[in-house]
Amino acid sequence: MTIKVHFYSYFKDLTGCAEVWETIPGGFAIADLHQRLMARFPRLGPMQKSTLIAVGVEYQPRDYVIREGDEISLFPPVQGG
Amino acid sequence: MTIKVHFYSYFKDLTGCAEVWETIPGGFAIADLHQRLMARFPRLGPMQKSTLIAVGVEYQPRDYVIREGDEISLFPPVQGG
Amino acid sequence: MRRQLSITTAPINETVLLGQRSLSSDMGAVVYFLGVVRGTEQNSIITGLHYEAFQSMAEHQFEQIFQEMEKRWPIESVRLIHRLGMLKVNEPSLWVEVVAPHRGEAFAACQFLIDEMKRVVPIWKKTLKPGEGRVPRVPEA
Amino acid sequence: MRRQLSITTAPINETVLLGQRSLSSDMGAVVYFLGVVRGTEQNSIITGLHYEAFQSMAEHQFEQIFQEMEKRWPIESVRLIHRLGMLKVNEPSLWVEVVAPHRGEAFAACQFLIDEMKRVVPIWKKTLKPGEGRVPRVPEA
Numbered sequence: 000m001t002i003k004v005h006f007y008s009y010f011k012d013l014t015g016c017a018e019v020w021e022t023i024p025g026g027f028a029i030a031d032l033h034q035r036l037m038a039r040f041p042r043l044g045p046m047q048k049s050t051l052i053a054v055g056v057e058y059q060p061r062d063y064v065i066r067e068g069d070e071i072s073l074f075p076p077v078q079g080g
Numbered sequence: 000m001t002i003k004v005h006f007y008s009y010f011k012d013l014t015g016c017a018e019v020w021e022t023i024p025g026g027f028a029i030a031d032l033h034q035r036l037m038a039r040f041p042r043l044g045p046m047q048k049s050t051l052i053a054v055g056v057e058y059q060p061r062d063y064v065i066r067e068g069d070e071i072s073l074f075p076p077v078q079g080g
Numbered sequence: 000m001r002r003q004l005s006i007t008t009a010p011i012n013e014t015v016l017l018g019q020r021s022l023s024s025d026m027g028a029v030v031y032f033l034g035v036v037r038g039t040e041q042n043s044i045i046t047g048l049h050y051e052a053f054q055s056m057a058e059h060q061f062e063q064i065f066q067e068m069e070k071r072w073p074i075e076s077v078r079l080i081h082r083l084g085m086l087k088v089n090e091p092s093l094w095v096e097v098v099a100p101h102r103g104e105a106f107a108a109c110q111f112l113i114d115e116m117k118r119v120v121p122i123w124k125k126t127l128k129p130g131e132g133r134v135p136r137v138p139e140a
Numbered sequence: 000m001r002r003q004l005s006i007t008t009a010p011i012n013e014t015v016l017l018g019q020r021s022l023s024s025d026m027g028a029v030v031y032f033l034g035v036v037r038g039t040e041q042n043s044i045i046t047g048l049h050y051e052a053f054q055s056m057a058e059h060q061f062e063q064i065f066q067e068m069e070k071r072w073p074i075e076s077v078r079l080i081h082r083l084g085m086l087k088v089n090e091p092s093l094w095v096e097v098v099a100p101h102r103g104e105a106f107a108a109c110q111f112l113i114d115e116m117k118r119v120v121p122i123w124k125k126t127l128k129p130g131e132g133r134v135p136r137v138p139e140a
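So the sequences go chain by chain: A, B, C and D.
So that you can map any letter, position 34 of the first sequence is 33 in numbering that gives the first Met the number 0, and since no number is skipped, the others follow by simple counting.
So that you can map any letter, position 48 of the second sequence is 47 in numbering that gives the first Met the number 0, and since no number is skipped, the others follow by simple counting.
So that you can map any letter, position 94 of the third sequence is 93 in numbering that gives the first Met the number 0, and since no number is skipped, the others follow by simple counting.
So that you can map any letter, position 3 of the fourth sequence is 2 in numbering that gives the first Met the number 0, and since no number is skipped, the others follow by simple counting.
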């Protein structure tokens, strides 16, 4: 399946884009997608530990299995206020 | 010596006045004055434990020895806000 | 630490107070507290409150609290207005503003100020109940 | 619990917000927090901040925080405005109002809301330094 991935804040600069499409096999977890994206965009690597990942408008754990139609977002620690 | 005593809040109703003069001997402490006032105004008696006493604009302990010119204030627990 | 204190029968005008706010560029947090007269007091319906102060002592006690705040937190300014006299339900009786670099100290200092006020500042209130001109000041036994 | 949330590029107008306040007669406490852009960020002088949000997720996360507040405290209403876009030093970026029966719950709920916002709501800021049009978004290694 092909899913849409969004980047926010300076992750847009690290990847050079605000969104990308990724084609992934069934059973792919968020952790797998994160590895795939770090390979595609090496500058995401150093941010690995602090990267936050959401599916739609909810945070999801690394073992969440991605489903058809999910929109995934990756971003650095939040800084509202 | 003769000193001025002020009452605030419902202590004015209990005593029927906002201020009184008391003539006291030298070496009289706040605790002594309080006893004297409760004898003079018996309705202050039930409030004994919660009565707050100030000399001028400062709270003082019960063993504070009253000096010439001191103005003493008696009042119930404060309720600002 | 700048301070402004007013214990007054004049109504609290929040808009005017906001307009008088001054904030240096190092300040990142402002906390306000507004105390409002509630329609009930100890589960009875009331129509208002009458506030009375021992004014000179109240000012002195507030000043001592301000000094303690200044020792504890890097506050730029504190402003406090306490109403006196007759207040209707829904009218503000207390307005407090604390300006500080960060929110933690602004919240802590504002709460400290109000807690200490309630402990030591000689201000009292009398309840006004429906149908009464003024309630008796003496609490029931 | 009534709620009003606005994540917007429009400037925060405190006077207008005050004028829209609604308070039932059981409410005795209103706490406000104003977050203001400081002139320094990590000890460097800045001229402003640019705020960006993942808007739909930010709104959803705020709603979840509001639901938790509602469970924990008897709050009548909460209003929160967060600015987006370019803000100068001294401009407010965040305005919060919590209305509750008593001050303890109003302070606790307001602080909870801000703490939770800083933990989960997807909003980010970039610093603008003197002489720069825009700072690089990537933090230095």
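Hints were generated in silico from the structure; no laboratory data involved.
Note that the structure is predicted; figures quoted are calculated from it, not measured.
We treat Cβ as the ideally placed atom computed from N, Cα and C, and that holds for glycine.
Honestly, I wouldn't trust all of these hints.
Computed footprint of chain A on chain D; a stretch qualifies when at least three of its residues, placed anywhere within it, have a C-beta under 8 Å from a C-beta of chain A [unchecked claim]:
| no. | stretch |
| --- | --- |
| 1 | 33 to 45 |
| 2 | 53 to 66 |
| 3 | 81 to 95 |
Checked hints:
Coverage of the stretch 33 to 45 of chain D by chain A is violated. Counting CB-CB distances below 8 Å, 1 residues qualify, and the rule asks for three or more. Chain A is given as covering the stretch 53 to 66 of chain D, and this holds because 7 residues of the stretch bring a CB closer than 8 Å to a CB of that chain, at least three being needed. Residues of the stretch 81 to 95 of chain D with a Cβ under 8 Å from some Cβ of chain A number 3, which satisfies the need for three, so the listed coverage holds.
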